[in-house]
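Sequence lines, in order, name chains A and B.
Mapping the first sequence onto the UniProt record's numbering, position 250 (from 1) lands on 250, and the numbers just tick up by one.
Mapping the second sequence onto the UniProt record's numbering, position 229 (from 1) lands on 229, and the numbers just tick up by one.
No wet-lab data here; the hints were simulated from the structure.
Worth double-checking, as some hints may not be accurate.
[Unchecked claim] Restricting the straight-line Cα-Cα distance to at most 25 Å, the calculated cross-link-like pairs of lysine-lysine (PhoX-like) are:
#: 1; chain 1: B; residue 1: Lys538; chain 2: A; residue 2: Lys328
#: 2; chain 1: A; residue 1: Lys20; chain 2: A; residue 2: Lys538
#: 3; chain 1: B; residue 1: Lys328; chain 2: A; residue 2: Lys177
#: 4; chain 1: B; residue 1: Lys66; chain 2: A; residue 2: Lys66
#: 5; chain 1: A; residue 1: Lys66; chain 2: A; residue 2: Lys79
#: 6; chain 1: B; residue 1: Lys66; chain 2: B; residue 2: Lys79
#: 7; chain 1: B; residue 1: Lys538; chain 2: B; residue 2: Lys20
2 protein chains.
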Amino acid sequence: MLTYTPPIAEQRFVLQNIVKVDELSGHNVFADVTSDLVDAILEGAGQFAAGEFAPLNRVGDEVGSKWSPEGVTTPPGFKEAYGAYVEGGWGTLTGPTEYGGQGLPLSLSSVVMEDLGSANMAFSLIMMLSPAAVEALKHHGTEEQRRTWMPKLVTGEWNGTMNLTEPQAGSDVGALKTRAVPQGDGTYRIKGQKIFITFGEHDLTDNIVHLVLARTPDAPEGTRGISLFLVPKFRLNDDGTPGEFNDVRCVSIEHKMGIHASPTCVMSYGDRDDCVGWLVGEEQGGMRAMFTMMNNARLNVGLQGVSIAERATQAATRYARERVQSAKAGSASRESVRIIEHADVRRMLLRMKALTQAARALAYYAAGLTDRGQLGDADAQARVDLLTPLVKAYGTDVGVEVTSLGVQVHGGMGYIEETGAAQHYRDARISPIYEGTNGIQAADLVGRKLGLEGGAVLASLLSDMRAGAAGEAPLMALIEDCEAVAGHLATSSTDDRMAAAYPFLTLLSVAVCGWLMALQLRAAEREDGDSRFLAMKKAAARFYLDQVVPETRGLRAAAMAPAESLFGLDEEAFSA
Amino acid sequence: MLTYTPPIAEQRFVLQNIVKVDELSGHNVFADVTSDLVDAILEGAGQFAAGEFAPLNRVGDEVGSKWSPEGVTTPPGFKEAYGAYVEGGWGTLTGPTEYGGQGLPLSLSSVVMEDLGSANMAFSLIMMLSPAAVEALKHHGTEEQRRTWMPKLVTGEWNGTMNLTEPQAGSDVGALKTRAVPQGDGTYRIKGQKIFITFGEHDLTDNIVHLVLARTPDAPEGTRGISLFLVPKFRLNDDGTPGEFNDVRCVSIEHKMGIHASPTCVMSYGDRDDCVGWLVGEEQGGMRAMFTMMNNARLNVGLQGVSIAERATQAATRYARERVQSAKAGSASRESVRIIEHADVRRMLLRMKALTQAARALAYYAAGLTDRGQLGDADAQARVDLLTPLVKAYGTDVGVEVTSLGVQVHGGMGYIEETGAAQHYRDARISPIYEGTNGIQAADLVGRKLGLEGGAVLASLLSDMRAGAAGEAPLMALIEDCEAVAGHLATSSTDDRMAAAYPFLTLLSVAVCGWLMALQLRAAEREDGDSRFLAMKKAAARFYLDQVVPETRGLRAAAMAPAESLFGLDEEAFSA
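Put together the whole structure using the sequences plus the hints.
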């Protein structure tokens with residue numbers, strides 16, 4: 001019952017029609033990306049995720065990772081499955097070829113991350129964060145650091161973590177207090193406490209490479225004074241094997257609503273003043289290096305929304321095709337039918353399909369733009385910068401909505417843990433929070449991204465969207481709404497812009513997704529044959545264009561509302 | 001931190017301006033309902049819920065009710081708190097005066113149920129279901145049954161349960177198989193298994209009065225053949241005290257996502273062929289009797305949405321007024337502020353306030369109509385019949401949305417169980433499912449309720465709404481949308497009607513709530529002074545009218561979409 005079937009036809013369709021993966025292989029950097037390779041990865045990753053990771057999803061939730069003074073123990077079976085992941089080389093896809101990676105496009109590894117996240121969202125977090133650490137070292141590390149750390153991070157033999165948050169420094173990273181004191185030998189002594197560190201401690205690898213934001217002595221306040229350090233759990237012996245303990249401890253793990261298999265650690269660095277770190281990048285250049293990691297992570301978190309939505313949709317579909325209950329309303333027969341025949345259940349399922357496909361198209365599209373950015377296409381890079389907050393926020397909002405519909409399709413059984421629908425709902429709820437809350441994403445959109453290149457990045461996107469939306473009246477109207485609201489916000493006060501940020505983010509996300517769904521609809525119409533996959537693609541696209549797009553237009557009023565509507569009353573009134 | 005403050009000013013305002021509780025006291029049935037009594041109940045119930053029930057909410061979640069072969073044990077402190085509830089007479093409010101009740105209006109007891117649900121949603125379920133059993137006996141029981149069972153149900157010394165569901169009979173009650181065989185002495189032998197029975201077994205009372213739907217021999221198939229039986233856990237001695245065990249067992253309880261303190265029981269009746277039941281109402285008249293219970297329970301479940309939304313809003317507000325993080329965007333000062341000063345946090349809080357107030361107004365309004373129906377006002381009764389699916393579905397949808405916003409306001413801490421925000425989110429998710437899923441409510445609306453009195457009930461409501469919406473352009477437009485869609489659905493095929501049911505239910509709910517918020521806005525403007533409560537009332541009403549109402553208009557396309565959009569593709573395509 002709790003199985004996962006990789007949506008290979010859908011993934012391939014989006015890679016071909018939205019990412020246009022064939023174009024990538026035209027470039028010598030990605031010359032290996034033949035359609036045979038794409039197929040091999042699609043099928044291999046799907047099989048691996050379904051076979052090795054999906055069966056551990058329930059035990060991961062029920063047993064969870066456990067803390068003891070000796071360390072963190074992952075649930076039964078995780079160690080073996082992680083070993084198979086390393087063994088199969090699944091971690092190496094995007095890693096640089098000089099360090100053992102395959103140098104493949106992010107759009108292709110997105111498929112793998114989607115599969116792993118669908119199969120086991122909590123487990124997949126460790127796989128998601130190591131490539132972010134690789135990116136940070138690739139762009140900001142020294143040659144020696146790369147040689148020393150990257151090969152094992154690329155394979156996943158060691159995992160990487162991101163250490164930003166401290167109790168007083170969450171969204172406000174600049175408030176962090178962890179100290180890094182230079183020792184005169186090129187190393188630093190690290191001391192401080194970090195919270196919410198995903199897989200900060202566990203039993204899956206023989207070393208853990210923490211990337212830690214900290215403040216050097218006399219550094220200025222705020223984000224300007226922050227530097228990034230590489231802080232391993234174990235220092236390395238001369239032969240590169242893990243040696244001396246580096247005074248890095250996991251003090252406790254959090255008791256969370258979901259993703260129980262993923263240990264969320266409170267990490268303590270340098271309790272005994274014996275924690276060594278190495279600077280990555282410039283001193284006081286930590287934020288830049290961290291953004292390299294974060295942008296990658298934000299795209300991946302958006303993809304998690306797709307993953308969990310896909311899994312929930314599959315489960316709900318399976319249940320609705322089996323569960324027999326009630327005769328069809330208005331039918332002459334009083335015979336009970338499977339609930340997929342009831343209109344409202346089918347409405348929920350089609351909505352789940354449409355939202356999941358839309359979020360996937362957006363996430364893959366952004367990954368494909370990143371690949372083009374890597375090839376030197378500055379416009380593509382600028383566009384993905386603009387789209388990153390949309391991928392993260394809308395993708396995760398879709399994850400929450402779709403998993404909630406999944407619970408609802410199951411009826412009373414959806415609330416019982418054994419069906420798994422409840423776990424998806426609980427797991428999904430973290431994704432709008434971490435890697436920058438969705439409110440932070442919305443602020444990033446209206447605060448930094450709308451104004452990129454004086455608004456030209458948005459204008460170019462809207463222009464492409466209009467071209468692709470021809471003939472779709474509600475979508476065209478939504479695009480006009482986006483343009484009007486963006487124009488309004490460009491001249492608004494910061495307060496007004498921030499008040500409108502979230503509704504505007506949703507408006508623009510649905511417009512972009514509507515465009516990508518319209519493109520897919522046309523592509524599906526062009527394809528020969530009338531396979532079931534194509535029939536669903538067309539139906540999901542039509543549902544999105546005919547129902548989700550018009551529904552979203554209702555947000556225009558909120559996106560134009562002034563901050564006065566929020567700040568026009570005394571804060572005390574909220575507690576009255 | 002995890003406290004609850006009864007929203008007394010708000011509750012009184014809605015009772016006065018929406019329920020118009022003063023009008024009720026003009027009738028001799030409710031002559032006792034003086035404003036002193038209203039105040040005493042508002043304050044007493046609020047204090048009781050906050051003082052006795054709220055402190056048990058966490059332990060209820062963490063420990064939960066536990067099953068053993070000997071029975072079900074509720075969490076520590078529940079027995080004492082339940083005793084205080086009975087002792088304080090809080091169960092007796094609406095009970096008939098002849099049987100120890102106070103005969104007060106449902107609108108007044110709704111305040112008490114709201115308070116109890118906010119304080120401890122899982123616990124409040126036992127308090128919610130006993131009055132439904134009282135209603136069933138009052139309307140359908142014999143005089144002897146009433147004398148025998150009602151006094152202790154009214155006080156809560158014994159609790160009542162509703163037994164509809166069986167594994168194959170959920171939404172389709174007519175598929176149930178539990179048998180009731182007449183013994184020739186006026187009693188029946190009951191045999192069968194029921195699932196999802198809330199508080200079907202526990203340690204809080206010395207008897208449990210199950211109201212059980214079952215099928216007599218030779219009864220026709222489907223709902224027509226169903227009868228209602230009273231089946232106590234213990235038969236009564238001649239002096240009315242609980243005596244011989246009645247062969248009623250709790251076989252197991254479910255492992256649920258939330259409401260852990262509420263045991264959801266699998267009940268087995270007559271394992272040893274020694275379970276006696278008494279017919280309530282006519283043989284094969286069970287559905288009518290059950291609807292008496294269900295309508296009451298549906299209004300109460302809608303109210304649960306209000307309860308949990310209120311609790312989540314209070315928690316989020318408290319957190320947002322304390323948590324310091326980041327400087328305000330665009331501010332000259334780089335000083336970090338409490339997060340309530342950030343626009344997007346304030347947007348979430350105001351949305352939570354507005355949605356909660358709107359759902360409360362709807363729930364109380366429906367309760368007030370029920371009270372008028374009890375006084376013989378047939379129009380009021382017809383209107384509450386129309387509104388019941390809205391109260392249940394929209395109220396619980398609001399509960400889910402608001403508790404989700406509550407998690408989001410807490411940021412990373414919202415996902416950690418210790419803040420309680422996650423519990424509200426998990427608890428709230430049952431309410432769109434039980435007592436008829438929200439999809440069933442939508443089907444009830446378009447299937448039965450729209451056509452009440454040939455559409456005159458809806459027409460009369462829309463006419464009142466239009467009168468109250470004067471000057472509010474988006475609301476007026478939404479009311480027109482409702483009328484247009486209703487007109488369209490009246491002549492649509494059943495399939496089309498069912499496909500549009502849920503979007504239409506939301507459209508109409510928001511229109512009704514918009515109307516009730518507009519009425520409150522006018523009332524607040526008429527009141528002297530500018531207390532913080534009135535300022536928030538006006539701001540919440542404006543937010544609802546200016547943002548929620550326009551947003552909802554976007555659903556019109558979905559409410560007009562034909563079923564072809566759902567059924568136009570092969571079911572197999574959903575699994576492709």
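Checked hints:
1. B:Lys538 x A:Lys328: This hinted pair is violated, its Cα atoms lying about 45 Å apart.
2. A:Lys20 x A:Lys538: Since the Cα atoms of lysine 20 of chain A and lysine 538 of chain A sit roughly 19 Å apart, the hinted pair holds (cutoff 25 Å).
3. B:Lys328 x A:Lys177: 21 Å, holds
4. B:Lys66 x A:Lys66: 24 Å, holds
5. A:Lys66 x A:Lys79: 14 Å, holds
6. B:Lys66 x B:Lys79: 14 Å, holds
7. B:Lys538 x B:Lys20: Holds: lysine 538 of chain B and lysine 20 of chain B sit about 19 Å apart, inside 25 Å.
Hint 1 alone, counting from the list given before, is not met by this structure.
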